[in-house]
Amino acid sequence: MRLSIYRYNPDVDAKPYMQDYDIALEPTDRMLLDALIRLKEHDDSFAFRRSCREGVCGSDAMNINGKNGLACITKIADVREPVVIRPLPGLPVIRDLIVDMSQFFKQYHSVKPYVVNDDPPPEKERLQSPEDREELNGLYECILCACCSTACPSFWWNPDKFVGPAGLLQAYRFLADTRDQATGERLDNLEDPYRLFRCHSIMNCVDVCPKGLNPTRAIGKIKEMLVKRTV
Amino acid sequence: MVKREVVGAHYGLRDWLAQRITAIIMAVYTLLFLTALASLPQIDYGHWKAMWQLPLIRYMSVLFLVSLFIHAWIGVRNIFMDYIKDAGLRLALYVLVILALVCYMAWSIQILWGI
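Heads up: the protein sequence lines correspond to chains W and Y, in order.
The numbering of the first sequence is this note's numbering, which starts it at 8 and goes up by one.
The numbering of the second sequence is this note's numbering, which starts it at 46 and goes up by one.
Heads up, a few of these hints could be off.
To be verified - Mimicking SDA-like on lysine to any residue, the simulated pairs with C-alpha atoms at most 20 Å apart in a straight line are:
1) W:Lys168 / Y:Leu136
2) W:Lys119 / Y:Ala54
3) W:Lys119 / Y:Val52
4) W:Lys168 / Y:Ala132
5) Y:Lys130 / W:Asp167
6) W:Lys228 / Y:Ala132
7) W:Lys168 / Y:Lys94
8) W:Lys113 / Y:Glu50
9) W:Lys168 / Y:Thr75
10) W:Lys22 / W:Asn70
11) W:Lys168 / W:Ile209
12) Y:Lys94 / Y:Thr75
13) W:Lys47 / W:Pro17
14) W:Lys113 / W:Pro129
15) W:Lys113 / Y:Ala54
16) W:Lys119 / Y:His55
17) W:Lys218 / Y:Lys48
18) W:Lys228 / Y:Lys94
19) W:Lys113 / Y:Val51
20) Y:Lys130 / W:Gly62
21) W:Lys119 / W:Lys228
22) W:Lys218 / W:Gly62
23) Y:Lys130 / W:Asp199
24) W:Lys168 / Y:Trp61
25) W:Lys228 / Y:Ala63
26) W:Lys168 / Y:Ile119
27) W:Lys218 / W:Leu151
28) W:Lys47 / W:Asp29
29) Y:Lys48 / W:Tyr201
30) W:Lys168 / W:Ser109
31) Y:Lys130 / W:His207
32) W:Lys74 / W:Ala84
33) W:Lys168 / Y:Ile124
34) W:Lys228 / W:Ser208
I should point out that these hints are in silico values taken from the structure, not numbers from a laboratory.
Sequences are here, hints too, so could you generate the full structure?
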């Protein structure tokens, strides 16, 4: 299998370069991540993140043939060779495919991604009706792989100010949660030309989400809540 | 001054909403204008001039132009917010764009009532 991979080791390389590889696969190698692990057997200087290898942990997000995705759930049979693999765009590269996700998580933390409820906790747990729980489907499944936010031009230009699709999806996940009591504070936190309104609904996030989620719809719902609160 | 990113300006919703409403106004105007144009018995200078002298057309056009300039202001500001990193330069460009749009508005009204 032919691969063209972004290489950069700041301790050694003056600048990043693309390195071509031709690797022999085993019959058991089905996913792109298998090919990368096979490649690392030949060239152990090659660095990338991976953990669960089944699309749950979100560690191996990368730019595959120009589109962000998870290597572990991208089938080798589906990608055109040579497969051009680069780190997620817009984030500082630590080494090869490993990027510094601090900015991404900072935005995620800024939306307070937890239920805020001042009532004394009940004996067992805070219950929801099945209908209320239904509201959280399509929101809670996010694995924070950063495919969406790093595919978003608004996040590229203002990663320090724009929350980004992943953060906003989580913001709505808690706005939509009937157990949460901080709706007003959450909306106040988001009503800002940079934090929320950098989103112009171009839907790159929806295009790349490996879990098939729709951050654009969630952002639309946040805007709808703001409109209802204002008019 | 501290070197810290500050966010939380608490505006944006009104502009976002205004951009959508002005877009609807412009779309409706375009349809009405094309209908008015199509209903002219023939397109020559006399009919064209007479159409522009109708108060309804004039005031609708003013509404359209106001919508256009508001829409343009929000759109251009969005572009500056993305690409112009220096706040001082951004503010200067905002002022220039507002001045230009106000001049365009005055000029448009002069043209509309000069026909």
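Outcome of the hint check:
1. In summary, the hint linking lysine 168 (chain W) to leucine 136 (chain Y) is supported, as the alpha carbons are separated by about 18 Å, within the 20 Å threshold.
2. For a cut-off of 20 Å, the pair hint linking lysine 119 (chain W) to alanine 54 (chain Y) stands: about 19 Å separates their Cα positions.
3. At most 20 Å may separate the alpha-carbon atoms for a hinted pair to count; lysine 119 (chain W) and valine 52 (chain Y) meet this at roughly 16 Å.
4. Taken as a hint, the lysine 168 (chain W) and alanine 132 (chain Y) pair is honoured in the structure, with Cα atoms around 14 Å apart against an allowance of 20 Å.
5. Taking the CA atoms of lysine 130 (chain Y) and aspartate 167 (chain W), the gap is near 12 Å; set against the 20 Å cutoff, the hint holds.
6. Restraint check for lysine 228 (chain W) and alanine 132 (chain Y): not satisfied, since their Cα atoms lie roughly 31 Å apart, outside the 20 Å limit.
7. Restraint check: the Cα-Cα separation between lysine 168 (chain W) and lysine 94 (chain Y) comes to about 51 Å, which exceeds 20 Å; the hinted pair is violated.
8. Of the supplied pair hints, the one linking lysine 113 (chain W) and glutamate 50 (chain Y) holds, its CA atoms being roughly 13 Å apart against a limit of 20 Å.
9. With a CA separation close to 37 Å, the supplied pair lysine 168 (chain W) and threonine 75 (chain Y) exceeds the 20 Å bound.
10. For a cut-off of 20 Å, the pair hint linking lysine 22 (chain W) to asparagine 70 (chain W) stands: about 19 Å separates their Cα positions.
11. Distance restraint check for lysine 168 (chain W) and isoleucine 209 (chain W): the Cα-Cα separation of roughly 18 Å lies within the 20 Å cut-off, and the hinted pair is therefore satisfied.
12. Of the supplied pair hints, the one linking lysine 94 (chain Y) and threonine 75 (chain Y) holds, its CA atoms being roughly 18 Å apart against a limit of 20 Å.
13. Our distance criterion of 20 Å between C-alpha atoms is met by lysine 47 (chain W) and proline 17 (chain W), whose separation comes to about 19 Å.
14. Our distance criterion of 20 Å between C-alpha atoms is broken by lysine 113 (chain W) and proline 129 (chain W), whose separation comes to about 31 Å.
15. For the proposed pair lysine 113 (chain W) and alanine 54 (chain Y), the alpha carbon gap of about 19 Å is at most 20 Å, so the pair holds.
16. At roughly 18 Å between alpha-carbon atoms, lysine 119 (chain W) and histidine 55 (chain Y) fall within 20 Å of each other, so this suggested pair holds.
17. For the given pair, lysine 218 (chain W) sits about 37 Å from lysine 48 (chain Y) by alpha-carbon distance, which is inconsistent with the 20 Å threshold.
18. At roughly 47 Å between alpha-carbon atoms, lysine 228 (chain W) and lysine 94 (chain Y) are farther apart than 20 Å, so this suggested pair is violated.
19. Among the hinted pairs, lysine 113 (chain W) with valine 51 (chain Y) is consistent with the structure: their alpha-carbon atoms are about 14 Å apart, no more than 20 Å.
20. For the proposed pair lysine 130 (chain Y) and glycine 62 (chain W), the alpha carbon gap of about 37 Å is over 20 Å, so the pair is violated.
21. Our distance criterion of 20 Å between C-alpha atoms is met by lysine 119 (chain W) and lysine 228 (chain W), whose separation comes to about 18 Å.
22. A distance of roughly 8 Å separates the Cα atoms of lysine 218 (chain W) and glycine 62 (chain W); the hinted pair therefore holds under the 20 Å criterion.
23. Between lysine 130 (chain Y) and aspartate 199 (chain W) the CA atoms are separated by roughly 17 Å; this keeps the pair inside 20 Å, and the hint holds.
24. Proposed proximity of lysine 168 (chain W) and tryptophan 61 (chain Y) is supported: the alpha carbons are some 18 Å apart, at most 20 Å.
25. Annotation: proposed proximity of lysine 228 (chain W) to alanine 63 (chain Y) holds, straight-line Cα distance about 17 Å (limit 20 Å).
26. About 18 Å separates the Cα atoms of lysine 168 (chain W) and isoleucine 119 (chain Y), which keeps this hinted pair within 20 Å; it holds.
27. Among the hinted pairs, lysine 218 (chain W) with leucine 151 (chain W) is consistent with the structure: their alpha-carbon atoms are about 10 Å apart, no more than 20 Å.
28. Under the criterion of a C-alpha separation no larger than 20 Å, the hint pairing lysine 47 (chain W) with aspartate 29 (chain W) is consistent with the structure, at around 12 Å.
29. For a cut-off of 20 Å, the pair hint linking lysine 48 (chain Y) to tyrosine 201 (chain W) stands: about 18 Å separates their Cα positions.
30. The suggested pairing of lysine 168 (chain W) with serine 109 (chain W) holds, with an alpha-carbon distance near 13 Å, which does not exceed 20 Å.
31. With a CA separation close to 19 Å, the supplied pair lysine 130 (chain Y) and histidine 207 (chain W) stays within the 20 Å bound.
32. With a C-alpha separation of about 16 Å, the suggested pairing of lysine 74 (chain W) with alanine 84 (chain W) holds against the 20 Å cut-off.
33. Using a Cα cut-off of 20 Å, the hinted pair lysine 168 (chain W) and isoleucine 124 (chain Y) holds, with the two alpha carbons roughly 15 Å apart.
34. The hinted pair formed by lysine 228 (chain W) and serine 208 (chain W) meets the criterion: a straight-line CA distance of about 12 Å does not exceed 20 Å.
This entry does not satisfy hints 6, 7, 9, 14, 17, 18, 20, going by the numbered hints stated previously.
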